[in-house]
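Trainee: Mind docking chains B and C on chain A? Use the hints.
Taken in order, these protein sequences are the chains called A, B and C.
Going by full-length UniProt numbering, 285 is the number at position 285 of the first sequence; the sequence numbering is gapless.
Going by full-length UniProt numbering, 451 is the number at position 451 of the second sequence; the sequence numbering is gapless.
Going by full-length UniProt numbering, 75 is the number at position 75 of the third sequence; the sequence numbering is gapless.
Check the hints yourself; a few may be wrong.
Said to hold, decoys possible - Here chain A is said to cover these stretches of chain B; the calculated rule only asks that three of the stretch's residues, wherever they fall, bring their Cβ under 8 Å from a Cβ of chain A:
id	segment
1	115-126
2	207-215
3	268-280
4	441-449
As the list claims (entries may be wrong) - Computed spacing ranges between beta-carbons, pair by pair:
id	chain 1	residue 1	chain 2	residue 2	range
5	A	GLU54	B	ASP49	51 to 61 Å
6	A	ASN152	C	LEU73	36 to 46 Å
7	C	ILE60	A	GLY103	29 to 39 Å
8	A	ALA188	C	PHE151	36 to 46 Å
9	C	GLY187	A	GLY103	45 to 55 Å
10	C	LEU270	A	ARG290	34 to 44 Å
The set of hints was computed from the structure by calculation and includes no laboratory data.
None of the values given here were measured: they were computed from a predicted structure.
Heads up, the beta-carbon is just placed ideally off N, CA and C, and yes, glycines get one too.
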Amino acid sequence: MTSLSARPDGKRRQLAPYAFIAPFYILYALFMIVPIGAGIYLSMTDWVGLGTPEFVGLDNFADLARDTSFHKALGNSLIYVLISIFVVVPAALLIAQALNTKGLRARDLFRVTFFIPMVLSPIVIALVYSLLLDRDYGLLNSVLRALFGAGNTNWLGDPTLAKVSVGFVMLWRWVGYLTIFFLAGLQAVPKERYEAAQLDGAGMWRTFTAVTLPGIRPVTAFIVVTSFIGAAQIFDEPFLITGGGPGEETLSVAMFVYRAAFDRQQFGYAAAAGLVLFVIVFGISQVLNRLLSIGRTS
Amino acid sequence: MIRRQPPDISRRQLLRMGGGLGAAGLLGGALSGCARTADAEPLTSGSVDLAFWTHDQAYVDFFQVAADNAMAAGTGPFRWTLNDTRTGATDIVTKTIAQAIAGRGTPDVAGLEIGAFPRLLRGDLAAELLQPLNDAVADVRDDLLPSRTAPFTKDDNLYALDSDSPLVVYYYRETEFDRVGLPTDLGTWDELAEAAAAVRRQHDVCLGAVTVGSELGQVVQGFDMLLMQRGGRLFNEDGTIAIESPEAEETLAFLVRGVQEGYVATVSDYFGPSMQAALKSGQLIGQWMATWYKIYGLVPNVPEHEGEWRIRPLPAFPGGGGRTSFTGGTGFAALRGKENTLAGVELIKAAYLTPEEQVRRYLDLGYLPTLRSVFEDPQLLGIEDQYCGGQRMFEVYRDVIDEAPVFYLSADKPILDTVLSGYLLRAYNGDLSPREALARAAEDFRGQTRSSRS
Amino acid sequence: MTAATPPANRPRRQGSIPGRIALYATLSVLLLVFIAPMIWAVSGSFKLRGDIFEYPPKLIPSPATLDNFRNLLDGEPFWNWFFISVTTALIATAIAVFVCALAGFAFAKYRFAGKRLLFSVMFSSLSVPFAVILVPLFVLIVKSGLSNPWFALIVPWVAPAFGIFMMQQYIIQSIPDEILEAARIDGATEFGIFLRVVLPLLRPPLGALAVWQFLQSYNHFLWPLVLISETDNYTVPLGLNILFKAENRSFDLVLPGAVLASVPTILVFLLLRKQLLEGLSTGAVKG
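Just chain A, with the same shape it has in the complex:
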């Protein structure tokens, strides 16, 4: 990147960039920094939403450390992160590879169709999937029953299957979105490198590991970090599809925060749980950003 050289004549020119970025930072301060500060304060209180918050120091955090429900939420959110990084991201890469095949017809049709779940409202997705996954009358079990005579699987009621179902909906919703990034990344890999690999007699797998993967490293890093952040704070899918159930088998940390504040009137406790999530997600993604050198100005 080249940038304009600063000239002595332009005092206004020196101030201009600050004015241009000011709207963002004002909103950032008001709706990010201030709430985080307020959250830190709330996290050290016991408050039902009305009356005076009672200052309790770090009690909320001590309670969180003992709360089996919070442990479960952390564990589930970790599972969502793993699904996202080790299932959704590779699936997106595979689809992108397939769509990148030379001379593929109807590439645009595939690309656009795979992207559509991304534009649907989460509530719409949830409605569609409860229609499909209902144990007794859902389409999926009906089809299984018609084909194999056995369709009594409790997709949303079994602890493991419920996670699988939520994971599948995550895949369905996000894979087309990530495919777009991978596809662009693949198309940016210089073809000379492939030709060179071919001359060296490299096989398909070797080409993939030696040429493709290094070639799409920046985009992969971006996708991995974005997916991590998205999955770590997942709310919509489990909230709408399973309500966190059965029991708490699909409860995520964001749902835990919501539930504590808006179902159980424990605002201080909710703020504390939110802060814990913040520290984890922010910490890990800063480390990842640094390791993978994402988000530099140049």
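Mentor: Then chains B and C, alone, in the frame of chain A:
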């Protein structure tokens, strides 16, 4: 490419951080400032526009007529106009609290569904928001069923008047019982279960259903109805958990056996398509359920069954308990410290505490009286119900009302719903024995409720 | 990118006919997996309440009915919800696009003290989970009396860091310094340069960002869920969710709502898909 980093940046950074912390202090100030909003001077007479929140339009109509009746009788000082807001039962509580935080826009009278009400039991919420009705009910206290005031009472203050005495009875489809050869007058669950097991060799029929869907409260409800019938409780009066009891174990064992052997069906919820299909297909020919279920469950889902259903007292558990139970209810409360607080209290009194209105409430809405004396009302006893083949349903209600259990709510009910529902499902699946399931639910519950403070 | 496909990156696949067939078969199965749930929902919206779950399942509703749509539109303030959703999303989009382009331009084309730090502060806000500000932001907004959709669904969301990043990447790549210098020599102010020289050149990423932001706003669920309390002020997703819960999971009411709710987003996406798909990848690939 910008190497130079001027020192003023970090200062700016610090200032910004300071701004954040300052805001937190500001917030703290704002919160404590509203510890108790100054009470408005209540109106004592005249025309009032009442903000009336409920989840069911039928309540709006009922209260409006009750207001009109009271005004026509000229007994009270108020002339009410209802300004209604209708939204989901849980949202009423959420929104009332949100508006209270904002310090304006709260309802004057709110219908608090019994599943959502426990949230107000946390901390001082109920006392902060609701006007105690102890004085309002003083005249009829002896006649008012304690089983319907206990759930809405905290620290001896009654905060809402229930709309119903939602007794649990056994609904059965008489025509189908006849067809498959099931007797309808068996005295105990065990006898009925045994008969059903025999019948199931030829007919795919179920005696009732438990819910296994994502509505955690409903999963617990299917179990809780029979638990209370058996004489058990979810909570003790002091709000501690009571599910590790022989009663709970026996109840759960009955349901588990039923699910495993097939005479108890599993549906995702009691109202939606899965229940409808179970009823429609003729698989589900009975259900223990509240008195309101005919209107809210059967008639909308299977109108074509008109004339085929009957009710009876619940078959008993051999181990003890009664022949009925409770599930549901909606308490109406007036919000305290508002201009319309008194007008709200008077409206609730006018609508819910006179025998005439309680009779009308049953006729219009199908909700049972909460005054014991009204159960003897000849008009109600004489009603023959068309959907239930001309049965005099009220005779069944009067027969069992005195066996109705008293139960208590707890601010931790939502927590119990979450943990218990999961273990109930595992027990129905046969993964855990009833005793294990209950013990582990109780253990998880204690892990999540913080005994250090409420 | 659609018409002029870049040259073969994987020449190995060329010519292998069974491979081709397998490829098309796999992609078509995937296509089905992606489309089937949506088709099923559309079909369900035209079925009678009792037929939605009938067994064996039928794809074509018979009898087909419009009653579900009628019941929804007559019984619920659906158009109110729709109006709130679409209008707040449009306003938020218009402001966000402007704010992002402006900030992206500053980061791309100016040298200024603290730039690197400010940029990484901006960028790091991408990794702040919403759950941490959910409760305090709710309290602050409600306390300050701003919990109406026209403020709360718009103002806190009009400066997405992702948008700034995307704009910055595009501007670095596609806008030469020379034209800025030329404008300066003609005596244009800095803001004038942005408005009259830069903005017109930003049409592709502006389109992409606009679609992205519109989708984000329109589909946002958790925030309206906690914030909006009046039925008339619901957004479409919120209204559908509450309807679904309040009316005992009556699919006959919510499926037509789901179909109608998806029309604007799918329409916007299909119309502007090229800009969106290409714009989205700009930042990530070269960044």
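Trainee: Are three or more residues of the segment 207-215 of chain B within 8 Å, CB to CB, of chain A?
Mentor: As far as the segment 207-215 of chain B goes, the hint holds, because 4 residues have Cβ atoms under 8 Å from chain A.
Trainee: Do the Cβ positions of GLU54 of chain A and ASP49 of chain B conform to the proposed distance bound of 51 to 61 Å?
Mentor: Roughly 36 Å apart at Cβ, these two residues miss the hinted range, so it is violated.
Trainee: For the segment 115-126 of chain B, do at least 3 residues have a Cβ located nearer than 8 Å to some Cβ of chain A?
Mentor: Check passed, 5 qualifying residues.
Trainee: 36 to 46 Å was suggested as the range; check whether the CB atoms of ALA188 of chain A and PHE151 of chain C agree with it.
Mentor: Because 42 Å falls inside the window, the suggested range holds.
Trainee: Go check the segment 268-280 of chain B versus chain A for me, would you? Three or more residues, Cβ under 8 Å, otherwise it fails.
Mentor: holds (count 5)
Trainee: Regarding ASN152 of chain A and LEU73 of chain C, is the given constraint of 36 to 46 Å on their beta-carbon distance met?
Mentor: 37 Å, holds
Trainee: Between ILE60 of chain C and GLY103 of chain A, does the beta-carbon spacing fit 29 to 39 Å?
Mentor: 36 Å, holds
Trainee: Look at the Cβ atoms of LEU270 of chain C and ARG290 of chain A and judge whether their distance stays inside 34 to 44 Å.
Mentor: 39 Å, holds
Trainee: Given the range 45 to 55 Å, decide if the beta-carbon distance of GLY187 of chain C to GLY103 of chain A lies inside it.
Mentor: 52 Å, holds
Trainee: Tell me if chain A covers the segment 441-449 of chain B under the three-residue, 8 Å CB rule, please?
Mentor: n = 3 at 8 Å, threshold three: holds.
Of the numbered hints listed earlier, the single one contradicted by the structure is hint 5.
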